[in-house]
Amino acid sequence: MSKFKKICKIIFKGMAMGAADTIPGVSGSTIAVIVGIYDQFIESIKYFFGFKIRKRYLILVVKKAQILFLIQLVTGIFLGGFIFSRLMIKLNLLTTYYNYSSFFFIGLILGSLPIIIKAHHNMKLTFNKGLVFFLAFSFVIILSVLTPANTNIGIQMFHNPLYFYFFIFISGIIASSAMLVPGISGSFMLLLLGSYYTIINAVSSLNLPIIFTMASGTIVGAFTVANIMGYFLKKHPAFTYYAIIGLMLGSLYKLWPTNLDPKTSTLIICFFSFAIGFLITRLLDKK
1 MSKFKKICKI
11 IFKGMAMGAA
21 DTIPGVSGST
31 IAVIVGIYDQ
41 FIESIKYFFG
51 FKIRKRYLIL
61 VVKKAQILFL
71 IQLVTGIFLG
81 GFIFSRLMIK
91 LNLLTTYYNY
101 SSFFFIGLIL
111 GSLPIIIKAH
121 HNMKLTFNKG
131 LVFFLAFSFV
141 IILSVLTPAN
151 TNIGIQMFHN
161 PLYFYFFIFI
171 SGIIASSAML
181 VPGISGSFML
191 LLLGSYYTII
201 NAVSSLNLPI
211 IFTMASGTIV
221 GAFTVANIMG
231 YFLKKHPAFT
241 YYAIIGLMLG
251 SLYKLWPTNL
261 DPKTSTLIIC
271 FFSFAIGFLI
281 TRLLDKK
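Residue numbers (the working numbering): 1 to 287.
To be clear, the hints were calculated from the coordinates, so they are not data collected in a lab.
For glycine and all other residues, C-beta sits at the position ideal for the given N, C-alpha and C.
A few of these clues could be false.
Below, computed lysine-lysine pairings styled on DSS-like, alpha-carbon distance capped at 27 Å [as the list claims (entries may be wrong)]:
#: 1; residue 1: 3; residue 2: 46
#: 2; residue 1: 6; residue 2: 129
#: 3; residue 1: 118; residue 2: 234
#: 4; residue 1: 124; residue 2: 234
#: 5; residue 1: 263; residue 2: 46
#: 6; residue 1: 118; residue 2: 90
#: 7; residue 1: 129; residue 2: 234
#: 8; residue 1: 46; residue 2: 234
The calculated label-pair distances, taken between Cβ atoms and stated as ranges, are [claimed, not checked]:
#: 9; residue 1: 12; residue 2: 130; range: 30 to 38 Å
#: 10; residue 1: 261; residue 2: 3; range: 46 to 54 Å
#: 11; residue 1: 266; residue 2: 65; range: 42 to 50 Å
#: 12; residue 1: 115; residue 2: 253; range: 15 to 23 Å
#: 13; residue 1: 260; residue 2: 126; range: 21 to 29 Å
#: 14; residue 1: 142; residue 2: 235; range: 35 to 43 Å
#: 15; residue 1: 265; residue 2: 228; range: 41 to 49 Å
#: 16; residue 1: 209; residue 2: 117; range: 39 to 47 Å
#: 17; residue 1: 276; residue 2: 86; range: 19 to 27 Å
#: 18; residue 1: 206; residue 2: 120; range: 24 to 32 Å
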């Protein structure tokens, strides 16, 4: 594969992650797991912000390949987020086609489970691994039932611009922390905080002050969680993958449509949406 094709492939995967991150209930990191770049994604963030103390000096740890990978991926994430946020607003995707898109992502998640199970050699189920799975699964279910009735209430509390931007910054920290954990939706966390629609509108309209504030918080949260996830993937890989499976399966509760139209035509389209998502991950697994 040529260098240009490799770059395009990474950017395209980033776009898929960015698009997923704009949808409440869907995690960009889940997409990273599905397309096989999650471990590298976490490591690249660690290297980008990594510092080691040697002889009383702070030395920046630079791995060119990891840095280039992250730049290409983040470019795709921003492109995907920008394009898809505009599509969501213009086409009203979260309401008009919500059922179809939900079943597509459910298919992606279920189809990706064999990929995760084969990610480590020691995936035999034990009591402790089952407990980790159960706790992770339960955590996402609990988060899913906490959706407030007014999804913009957090923003409405702040009339002072200073407090408003501080709240956006904190939202960025929390959302990016969630975005780096498969199965936990950063967009859903923004819904819980009450800042989702403000940020989606800011991204689609290129409101730079809000985007910059959000991005600053995102960097802080990403660095923190990348180190935590990197540690667990290195020291306890099997337990980490069981937690990831629990988080991803738990996210199905939020994705499942609550007002599914029982008409035959709707159910058929939902079935095909599910099948397409499932087949995509199975094809990725065979490559």
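Hints, verified against the model:
no. : hint                    : verdict
1   : 3 <-> 46                : holds (24 Å)
2   : 6 <-> 129               : violated (36 Å)
3   : 118 <-> 234             : holds (16 Å)
4   : 124 <-> 234             : holds (18 Å)
5   : 263 <-> 46              : violated (49 Å)
6   : 118 <-> 90              : violated (40 Å)
7   : 129 <-> 234             : holds (16 Å)
8   : 46 <-> 234              : holds (13 Å)
9   : 12 <-> 130: 30 to 38 Å  : holds (36 Å)
10  : 261 <-> 3: 46 to 54 Å   : holds (47 Å)
11  : 266 <-> 65: 42 to 50 Å  : holds (46 Å)
12  : 115 <-> 253: 15 to 23 Å : holds (21 Å)
13  : 260 <-> 126: 21 to 29 Å : violated (37 Å)
14  : 142 <-> 235: 35 to 43 Å : violated (26 Å)
15  : 265 <-> 228: 41 to 49 Å : holds (46 Å)
16  : 209 <-> 117: 39 to 47 Å : holds (44 Å)
17  : 276 <-> 86: 19 to 27 Å  : holds (23 Å)
18  : 206 <-> 120: 24 to 32 Å : violated (42 Å)
Consistency with the previously given hints fails for numbers 2, 5, 6, 13, 14 and 18, ordered from lowest to highest.
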